[in-house]
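Enquirer: These protein sequence lines map, in sequence, to chains B and X.
Okay, so the first sequence: first residue is 1 according to UniProt numbering, each after it adds one.
Okay, so the second sequence: first residue is 1 according to UniProt numbering, each after it adds one.
Be a bit skeptical, because a hint or two may be false.
[To be verified] Quick partial rundown of chain B residues pointing at chain X, CB under 8 Å, derived from the structure:
#1 Gln66
#2 Leu231
#3 Glu232
#4 Val305
[As the list claims (entries may be wrong)] No more than 20 Å apart at the CA atoms, straight line, and that leaves these computed lysine to aspartate or glutamate pairs for EDC-like:
#5 B:Lys204 <-> X:Glu232
#6 B:Lys204 <-> B:Glu232
#7 X:Lys210 <-> B:Asp179
#8 X:Lys80 <-> X:Glu23
#9 X:Lys204 <-> B:Glu232
#10 B:Lys80 <-> B:Asp118
#11 B:Lys210 <-> X:Glu187
#12 X:Lys210 <-> B:Asp118
#13 X:Lys210 <-> B:Asp95
#14 X:Lys210 <-> X:Asp95
#15 X:Lys80 <-> X:Asp95
#16 B:Lys210 <-> X:Asp179
#17 B:Lys210 <-> B:Asp118
#18 X:Lys201 <-> B:Glu232
[Said to hold, decoys possible] So the derived label-pair ranges between C-beta atoms look like this:
#19 X:Glu187 <-> B:Ala296: 42 to 50 Å
#20 B:Ala261 <-> X:Glu144: 47 to 55 Å
#21 B:Glu141 <-> X:Asp295: 21 to 29 Å
If you are wondering where the hints come from, they were derived from the structure by calculation, not from laboratory data.
Think of the CB as a built atom: it goes at the ideal place given N, C-alpha and C, for glycine as much as any other residue.
Protein chains: 2
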Amino acid sequence: MSSFPSTASQVLVVGSVALDSVETPFGKADDVLGGSGTYFSSSASHFAPVQLVGVVGDDYPIELLQPLAARGVDLAGLEKVSGSSFRWRGRYRHDLNSAETLETHLGVFSNFRPNIPDQFRKAPFVFLANIDPRLQLQVLEQVEKPRLVACDTMNFWIESRRPELIELLGHVDLITLNDGEARQLTEHSNLVQAARWILDKGPKHVLIKKGEHGAFMFTRDSVFFAPAYPLESVFDPTGAGDSFAGGFIGSLAASGDLSDASMRRAVVVGSAMGSFAVEKFSNGRLLEITRADIDARVREFRQLVAFDEDFSA
Amino acid sequence: MSSFPSTASQVLVVGSVALDSVETPFGKADDVLGGSGTYFSSSASHFAPVQLVGVVGDDYPIELLQPLAARGVDLAGLEKVSGSSFRWRGRYRHDLNSAETLETHLGVFSNFRPNIPDQFRKAPFVFLANIDPRLQLQVLEQVEKPRLVACDTMNFWIESRRPELIELLGHVDLITLNDGEARQLTEHSNLVQAARWILDKGPKHVLIKKGEHGAFMFTRDSVFFAPAYPLESVFDPTGAGDSFAGGFIGSLAASGDLSDASMRRAVVVGSAMGSFAVEKFSNGRLLEITRADIDARVREFRQLVAFDEDFSA
Chain B
1 MSSFPSTASQ
11 VLVVGSVALD
21 SVETPFGKAD
31 DVLGGSGTYF
41 SSSASHFAPV
51 QLVGVVGDDY
61 PIELLQPLAA
71 RGVDLAGLEK
81 VSGSSFRWRG
91 RYRHDLNSAE
101 TLETHLGVFS
111 NFRPNIPDQF
121 RKAPFVFLAN
131 IDPRLQLQVL
141 EQVEKPRLVA
151 CDTMNFWIES
161 RRPELIELLG
171 HVDLITLNDG
181 EARQLTEHSN
191 LVQAARWILD
201 KGPKHVLIKK
211 GEHGAFMFTR
221 DSVFFAPAYP
231 LESVFDPTGA
241 GDSFAGGFIG
251 SLAASGDLSD
261 ASMRRAVVVG
271 SAMGSFAVEK
281 FSNGRLLEIT
291 RADIDARVRE
301 FRQLVAFDED
311 FSA
Chain X
1 MSSFPSTASQ
11 VLVVGSVALD
21 SVETPFGKAD
31 DVLGGSGTYF
41 SSSASHFAPV
51 QLVGVVGDDY
61 PIELLQPLAA
71 RGVDLAGLEK
81 VSGSSFRWRG
91 RYRHDLNSAE
101 TLETHLGVFS
111 NFRPNIPDQF
121 RKAPFVFLAN
131 IDPRLQLQVL
141 EQVEKPRLVA
151 CDTMNFWIES
161 RRPELIELLG
171 HVDLITLNDG
181 EARQLTEHSN
191 LVQAARWILD
201 KGPKHVLIKK
211 GEHGAFMFTR
221 DSVFFAPAYP
231 LESVFDPTGA
241 GDSFAGGFIG
251 SLAASGDLSD
261 ASMRRAVVVG
271 SAMGSFAVEK
281 FSNGRLLEIT
291 RADIDARVRE
301 FRQLVAFDED
311 FSA
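With the hints as constraints, model all of the structure from the sequences given.
Expert: Here it is in structure tokens:
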């Protein structure tokens, strides 16, 4: 099922594997495959071999992960421990802009200590999904000179683990976070200023996700923007950010090219994967699309922003 | 001072000429040049000859309009009548996203009945700025076969003049409105669906402005998106939408080209002009920039979204 080039680099992701229950104006789903680690893996697996590190309880229906294994995601780093699995229950109202969390049950995830298997430690591309910055730092102590380390975070860690998060920034090449989180972390309401604040802490790239309003990639020298794809019907926004990250890192791992041009393409690939993620519940759409679907959507992105600046006016 | 080609078409705008008092986190300005008609004219005058129709009271400091006249804006359609001028007082908080209106005094604007001078009636490009849809319809009775008629509107008219606004949609080629207004008018929260609803009422183009999040142009066959320019400091957001419209219509009038490629360029030119408008109070920045400044910013927009979709991944 995998269509990525044999030269594609390994991608290691450390994140959550959850059971999600979601209500949207269009329907509901109970106990479906969820968690940042699964969305990232489903997305990245279209481009490169993925190694997933996470934890589930002994109640987790392992068959939910079969489609990931079938896509070549290596689950050797997924611990199964005694206790209940991480469950999230959320609801989206009419505008689909923000999730209302109805219930979070961390279960075994609250004692998660990432243990990177030996055979995963040389992965050239590492994504530290949204977990405690102390754990993200522990992962970095276990990997060997990756070419690119990216991390995600969230408001909870910005509030409760600020010093550790800022320490982490000194050890990653790239951070993805949403616009509200960027403002909260940096105390700058202007995103250009917020990005500069983060760049000063270490990362060479800052990816600010604005959900339906697209994403910015800032470096010291340039700004790139990719819109969100204007979907006629957004079904379930859960996992869009992690799917974006999976497409972004996957695209880079596939080409092995970290030039500015390649990073820009990767943002667009990430945007495309985020747009697929929201078309069905859970990982449903990510697990059914083909490489042709992805390529077609990337071409649509090109059309969406294409213009000729040499105007005679 | 004008740099537009001699072949540029006349642009007629009907809108407000006001005295604005604005407070932002960065300072305040009292009784400065304001109103949709002035922002549009200052912006469009970089590209084409502009004819402005509006009304002021006998208290209006006419010298405020001198810079527009110096830029070739024809003020023969600006009536001066007995009474007080339209004044708006507003404040922007830290995030600059939305104006808080502190005071609106319509004055002579409340009895405005647009009277289009004979020499303005053949203008090929017509912009009906944000006024009562009944007045917008009255303008259309006075003009002679323009090539392109565009209108703007706002929440107040969507609530209070809905039937007239929908009637107007049958008589315009293009409408500009912001995302909230599009949702309010169409009762669709999804912008793709909202745009289709409007297209079904008549306009061939729907331009949905999302402020700092950019702008979409929808037609029956295509979607184009231009981001807002990521400014490091937004000084005063007042007039950004009308400046956008001025750049958009001005660009089309300059080239006379209504192809899809030309319309896309025009959206980017509009975005560039909107980005200049917010850099100073009032029309300050619009009236000092040169054609070289505009061209440079349009090139920056190209860089902002440029990517190569032929990825090897």
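Enquirer: Look at each hint and say if it fits the structure.
Expert: Results of checking the hints against the structure:
no., hint, verdict
1, Gln66, "violated, 26 Å"
2, Leu231, "holds, 7 Å"
3, Glu232, "holds, 4 Å"
4, Val305, "holds, 4 Å"
5, B:Lys204 <-> X:Glu232, "holds, 19 Å"
6, B:Lys204 <-> B:Glu232, "violated, 35 Å"
7, X:Lys210 <-> B:Asp179, "holds, 16 Å"
8, X:Lys80 <-> X:Glu23, "violated, 28 Å"
9, X:Lys204 <-> B:Glu232, "holds, 19 Å"
10, B:Lys80 <-> B:Asp118, "holds, 18 Å"
11, B:Lys210 <-> X:Glu187, "violated, 23 Å"
12, X:Lys210 <-> B:Asp118, "violated, 49 Å"
13, X:Lys210 <-> B:Asp95, "holds, 15 Å"
14, X:Lys210 <-> X:Asp95, "holds, 15 Å"
15, X:Lys80 <-> X:Asp95, "violated, 37 Å"
16, B:Lys210 <-> X:Asp179, "holds, 16 Å"
17, B:Lys210 <-> B:Asp118, "violated, 36 Å"
18, X:Lys201 <-> B:Glu232, "holds, 19 Å"
19, X:Glu187 <-> B:Ala296: 42 to 50 Å, "violated, 31 Å"
20, B:Ala261 <-> X:Glu144: 47 to 55 Å, "holds, 51 Å"
21, B:Glu141 <-> X:Asp295: 21 to 29 Å, "violated, 51 Å"
When held up to the earlier numbered hints, the structure conflicts with 1, 6, 8, 11, 12, 15, 17, 19 and 21 and fits the remainder.
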